[in-house]
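Engineer: Now for the letters of each chain:
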Amino acid sequence: MKKEKHKLTDIENKSARIGLIPIFIAALTLEATSITQYIFSQKGIREEASMRAESQMETTKARIMDVINQAEAAVRNSIWIAQWCLEVPDSMGRVTERIVKDNPVVVGSTVAFVPGYDKKHNLFAPYSYREEGTGTIKLKTLATREYDYPSQDWFTKPLELDAGYWSEPYVDDDGGDMLMTTYSLPLRDANGNVAAVITADISLDWLNDLVGNVSVYPSAFSVLLSRSGQVMVCPVETLVMNTNIQDIRASSDNESFKDLSDSMLSGKSGKIRITDRGITSQVYFSPVERTGWSMSIVIPESEIYAGIRRIGMIVKLLQILGIVMLVLILRSVAKRQQQYQKLNEQKERIQGELQIASAIQMAMIPKIYPPFPDRDDIDVFGRLTPAKEVGGDLFDFFIRDEKLFFCIGDVSGKGVPASLYMMVTKALFRTISAHEAQPSKIVSNLNDIMSEDNESNMFVTLFLGVLDLPTGRLHYCNAGHDAPFLIGNTGAGMLPVDSNLPVGVMPKWKFSQQETIIDPDTSIFLYTDGLTEAENITHGQFEMDRVKELAQKLQKDRDFSPTVIIERMTGAVHAFVGEADQSDDLTMLAIKYTKHHEEIVYQRSLTLTNDLSRIPRLNSFIDEVCEANGFDNPTTMQLNLAIEEAVVNVMNYAYPEGTKGDITIEASSDGKEMKFSITDTGKPFDPTAKPEVNITLSAEDRAIGGLGIHLIRQITDRINYERTSGHNILTLIKKLSNTQA
Amino acid sequence: MEIKVNTKDSVTTAQLIGRLDTPASQEVSGDFDNLMQFAAGTIILDCTQLEYISSSGLRLFLSLRKAAASKGGKVIVKAINNDIRSVFMMTGFLNLFEIQN
Numbered sequence: 001m002k003k004e005k006h007k008l009t010d011i012e013n014k015s016a017r018i019g020l021i022p023i024f025i026a027a028l029t030l031e032a033t034s035i036t037q038y039i040f041s042q043k044g045i046r047e048e049a050s051m052r053a054e055s056q057m058e059t060t061k062a063r064i065m066d067v068i069n070q071a072e073a074a075v076r077n078s079i080w081i082a083q084w085c086l087e088v089p090d091s092m093g094r095v096t097e098r099i100v101k102d103n104p105v106v107v108g109s110t111v112a113f114v115p116g117y118d119k120k121h122n123l124f125a126p127y128s129y130r131e132e133g134t135g136t137i138k139l140k141t142l143a144t145r146e147y148d149y150p151s152q153d154w155f156t157k158p159l160e161l162d163a164g165y166w167s168e169p170y171v172d173d174d175g176g177d178m179l180m181t182t183y184s185l186p187l188r189d190a191n192g193n194v195a196a197v198i199t200a201d202i203s204l205d206w207l208n209d210l211v212g213n214v215s216v217y218p219s220a221f222s223v224l225l226s227r228s229g230q231v232m233v234c235p236v237e238t239l240v241m242n243t244n245i246q247d248i249r250a251s252s253d254n255e256s257f258k259d260l261s262d263s264m265l266s267g268k269s270g271k272i273r274i275t276d277r278g279i280t281s282q283v284y285f286s287p288v289e290r291t292g293w294s295m296s297i298v299i300p301e302s303e304i305y306a307g308i309r310r311i312g313m314i315v316k317l318l319q320i321l322g323i324v325m326l327v328l329i330l331r332s333v334a335k336r337q338q339q340y341q342k343l344n345e346q347k348e349r350i351q352g353e354l355q356i357a358s359a360i361q362m363a364m365i366p367k368i369y370p371p372f373p374d375r376d377d378i379d380v381f382g383r384l385t386p387a388k389e390v391g392g393d394l395f396d397f398f399i400r401d402e403k404l405f406f407c408i409g410d411v412s413g414k415g416v417p418a419s420l421y422m423m424v425t426k427a428l429f430r431t432i433s434a435h436e437a438q439p440s441k442i443v444s445n446l447n448d449i450m451s452e453d454n455e456s457n458m459f460v461t462l463f464l465g466v467l468d469l470p471t472g473r474l475h476y477c478n479a480g481h482d483a484p485f486l487i488g489n490t491g492a493g494m495l496p497v498d499s500n501l502p503v504g505v506m507p508k509w510k511f512s513q514q515e516t517i518i519d520p521d522t523s524i525f526l527y528t529d530g531l532t533e534a535e536n537i538t539h540g541q542f543e544m545d546r547v548k549e550l551a552q553k554l555q556k557d558r559d560f561s562p563t564v565i566i567e568r569m570t571g572a573v574h575a576f577v578g579e580a581d582q583s584d585d586l587t588m589l590a591i592k593y594t595k596h597h598e599e600i601v602y603q604r605s606l607t608l609t610n611d612l613s614r615i616p617r618l619n620s621f622i623d624e625v626c627e628a629n630g631f632d633n634p635t636t637m638q639l640n641l642a643i644e645e646a647v648v649n650v651m652n653y654a655y656p657e658g659t660k661g662d663i664t665i666e667a668s669s670d671g672k673e674m675k676f677s678i679t680d681t682g683k684p685f686d687p688t689a690k691p692e693v694n695i696t697l698s699a700e701d702r703a704i705g706g707l708g709i710h711l712i713r714q715i716t717d718r719i720n721y722e723r724t725s726g727h728n729i730l731t732l733i734k735k736l737s738n739t740q741a
Numbered sequence: 001m002e003i004k005v006n007t008k009d010s011v012t013t014a015q016l017i018g019r020l021d022t023p024a025s026q027e028v029s030g031d032f033d034n035l036m037q038f039a040a041g042t043i044i045l046d047c048t049q050l051e052y053i054s055s056s057g058l059r060l061f062l063s064l065r066k067a068a069a070s071k072g073g074k075v076i077v078k079a080i081n082n083d084i085r086s087v088f089m090m091t092g093f094l095n096l097f098e099i100q101n
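Protein chains in written order, with the numbering used here: chain A, 1 to 741; chain B, 1 to 101.
Keep in mind the hints are simulated off the structure, nothing from the lab.
Even for Gly, the Cβ is constructed at its ideal location relative to N, Cα and C.
Check the hints yourself; a few may be wrong.
Stated by the list, open to error - Keeping only pairs whose Cα atoms sit at most 20 Å apart, straight-line, the calculated EDC-like set for lysine to aspartate or glutamate is:
| id | chain 1 | residue 1 | chain 2 | residue 2 |
| --- | --- | --- | --- | --- |
| 1 | A | K316 | A | E31 |
| 2 | B | K74 | A | E700 |
| 3 | B | K66 | A | D701 |
| 4 | A | K441 | A | D686 |
| 5 | A | K735 | B | D83 |
| 6 | A | K271 | A | E237 |
| 7 | A | K119 | A | D90 |
| 8 | A | K672 | A | D377 |
| 9 | A | K735 | A | D482 |
| 10 | B | K4 | B | E51 |
| 11 | B | K74 | A | D701 |
| 12 | A | K510 | A | E533 |
| 13 | A | K120 | A | D148 |
| 14 | B | K71 | A | D701 |
| 15 | B | K71 | A | E700 |
| 16 | A | K556 | A | D521 |
| 17 | B | K66 | A | D521 |
| 18 | B | K78 | B | E98 |
| 19 | B | K66 | B | D46 |
| 20 | A | K672 | A | D401 |
| 21 | A | K140 | A | D90 |
To be verified - Listed next, with one range per pair, are the computed distances between beta-carbon atoms:
| id | chain 1 | residue 1 | chain 2 | residue 2 | range |
| --- | --- | --- | --- | --- | --- |
| 22 | B | K74 | A | I368 | 25 to 35 Å |
| 23 | B | K74 | A | G671 | 41 to 51 Å |
| 24 | A | G671 | B | G92 | 29 to 39 Å |
| 25 | A | I360 | B | N34 | 49 to 59 Å |
| 26 | B | G92 | A | D521 | 37 to 47 Å |
| 27 | A | Q514 | B | N101 | 54 to 64 Å |
| 28 | B | G92 | A | I360 | 27 to 37 Å |
With the rest of the complex left out, here is chain B:
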């Protein structure tokens, strides 16, 4: 699991690459903590290359979303595949995030 972060102006893009399962979530939780500093602006979680997500991965997404909400920023989830979309659907996450294709 790899995260590439790129900040341009007030827009921070994080490319999520690989499987965000439980161990991977532990692995990247520090990266997500780092993303919190951009929570006042716009954070795009680019999921083009995200294959899988578990509940611990969803927890990271939710924590970031909560931080953005408190700082006045927003989190955009971009290009999720159908499997992840179905997980978002089951958990109500489709309504929590702005989803971009």
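Looking at chain A on its own, in the form it has when it is part of the complex:
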């Protein structure tokens, strides 16, 4: 028990360990999957971020270019009229006014003459501008001493380059804090000489709105730099138009920032990863054509990967949930497996025990055939085939005092309960029959014992017979069992039976006893309903008719030895049942009786009155018989003793005190055995129906009586008692000396 328990915990540990491995593998696989997924989606997200940034930049740049183009177009489109007006400088104000008027993006415009070109004015620069607030277009001159326009960038650069030029952005001092830039283009006269610079000022205030509102990520922002590195747009307003990126670069020791700064100033496009004050960002940058500006979008990585992190968290959560569920499932599987294993072990144990029980049960059934090889008057063959490991059918037989005791029975139900009842029945049959030869008494006795406290309401149908071998007289008692067949030389038929109740149903039931003479060379065939109720696949039954038919056929063929009957019946049942499972225990018992034909070579008899004083006469008679048949002295003395005991018994018990009667002792021999028959006409008295005395007990414990029959059994080879037509006949048989071993 202890060991078993130990084994169980072993199994538990094992299954726990077995459970951990798949969980570990599952967790590992999930983790690997999510890491791979993370890496790939990170790459994808990075690419997506870069695409979004670039497309944002392209859009922004396109819109900037739209304004720039408008401004450039405004200037270019006015060149022909400006050229035309060079001859009449005073009309130039009309030109500038028209530029401003016709182009909403242009806030101011001038045509500034190269000094000295206009003989009249030397410096001449009429300037039209849109007045803040009113929107009306005013005219003023830039040719003031304070301003000195010929030294301004917007004037000198286009002349230097001989091309259109976008000035550095600047804050207009006059018109509020407006951020401005100016496009200027050299203006040549009809002779191809540079006469003036024609310009268009545009406000850059919209730039802040356009560039500042980068909506790719919540904390993303844009920076726009001018050609020289001036910060034009930036979330930190104090830096706008106040700081040059080159100054920041000079004071920074961040290499990637320096790279970014250099790349942007040299008009490249690309992206750089910058970590600044603990925040890592991706910076995408690209130049704005013609203006020399450079735009960048800065996106913190935490925001780029925010989505993937969130998804990662959800995935992780799902993984944990999955693992937990896996653990639960595995545990329940392991538990079920454990239960199954336990059940299996139990089943195996029960199976093993059933096999042992089966072996025990089968050992209780006679199985050595022929059972009486020394006898020529009786042959028996039986077979029990249980439907399950153990069954409720039984049969048994044995010879005591020249009587064959036999029985066949069928316990209600099947399996273990039936088998227990069967064992009890069979054991009681043996015990009771050891000292009782009347079938009805044996059955009554059995019934009384078995119906007492029969809480399980089991019962057994039983046919019990006692065949007197010297005479062929069969006494039998049927307790609810099927009637046996008699198969003899004159025919085959059923033995008439009273039905009675089965054994175990009602205590104190009076079982009737029947009697018949079995003719020599007759077989008694007994069976249980496993024969008549054997079922084939379609649930058809073998039926009594088939049994009868076969019995009659065997009778006709004069082929009905016990072995043949049972083999043929078995064969017929198997052929009938076919593939169907055996539905019930199948039991058959066949007994063939052949009368012992004796040839009398010696016969003498003596009749005595029932008087003890006649014993000496008996002794001298026995002495004479023994001498005539060649028994030695010790045997003669013993036979004297046996017969004296038998006769004294009759005198004491068959003839009660005061009654008179005769006792006849007949001695006969067939040349092999000496037979002493002691016959009286007294009341029925069966000396063989006595329990054996126990000769190993101490003097104190031993009963005074019972020694007589014990001595008779010890001295003779066989004894037999039979009550026939008012006579008690006790026969003692002793083998002759010449046949003794």
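Based on the hints, put chain B in the right spot on chain A.
Structural biologist: Here is chain B on its own, set in the frame of chain A:
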């Protein structure tokens, strides 16, 4: 059947002479009853001349043996012949009595 009883000190010797068959047992049952009074001492059943014994004779022996056992004496069976020895054997009496040759 004849029984000769001779008592010396605490030892009583009973000589059994003849056949102790059923009628003889009835005959001598009184003698055996008399022997019971010596059951506290030693009783020797001298079987030198005992020819035969039946179960009723054995019953007398057993009764005496039981009396001796209850009174603290003992019964010695002396000089039984082979026929009687075989009867003693068959009935388990060899183990119940002290047998002397």
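Engineer: Now look at each hint and say whether the structure bears it out.
Structural biologist: Structure-based check of all given hints:
no. : hint                          : verdict
1   : K316(A) / E31(A)              : holds (8 Å)
2   : K74(B) / E700(A)              : holds (13 Å)
3   : K66(B) / D701(A)              : holds (9 Å)
4   : K441(A) / D686(A)             : holds (13 Å)
5   : K735(A) / D83(B)              : holds (19 Å)
6   : K271(A) / E237(A)             : violated (24 Å)
7   : K119(A) / D90(A)              : holds (12 Å)
8   : K672(A) / D377(A)             : holds (15 Å)
9   : K735(A) / D482(A)             : violated (40 Å)
10  : K4(B) / E51(B)                : holds (15 Å)
11  : K74(B) / D701(A)              : holds (16 Å)
12  : K510(A) / E533(A)             : violated (29 Å)
13  : K120(A) / D148(A)             : holds (18 Å)
14  : K71(B) / D701(A)              : holds (16 Å)
15  : K71(B) / E700(A)              : holds (12 Å)
16  : K556(A) / D521(A)             : holds (14 Å)
17  : K66(B) / D521(A)              : violated (54 Å)
18  : K78(B) / E98(B)               : holds (8 Å)
19  : K66(B) / D46(B)               : holds (18 Å)
20  : K672(A) / D401(A)             : holds (18 Å)
21  : K140(A) / D90(A)              : holds (12 Å)
22  : K74(B) / I368(A): 25 to 35 Å  : violated (48 Å)
23  : K74(B) / G671(A): 41 to 51 Å  : holds (50 Å)
24  : G671(A) / G92(B): 29 to 39 Å  : holds (35 Å)
25  : I360(A) / N34(B): 49 to 59 Å  : holds (57 Å)
26  : G92(B) / D521(A): 37 to 47 Å  : holds (44 Å)
27  : Q514(A) / N101(B): 54 to 64 Å : holds (58 Å)
28  : G92(B) / I360(A): 27 to 37 Å  : holds (33 Å)
Comparing the model with each numbered hint stated earlier shows that hints 6, 9, 12, 17, 22 do not hold.
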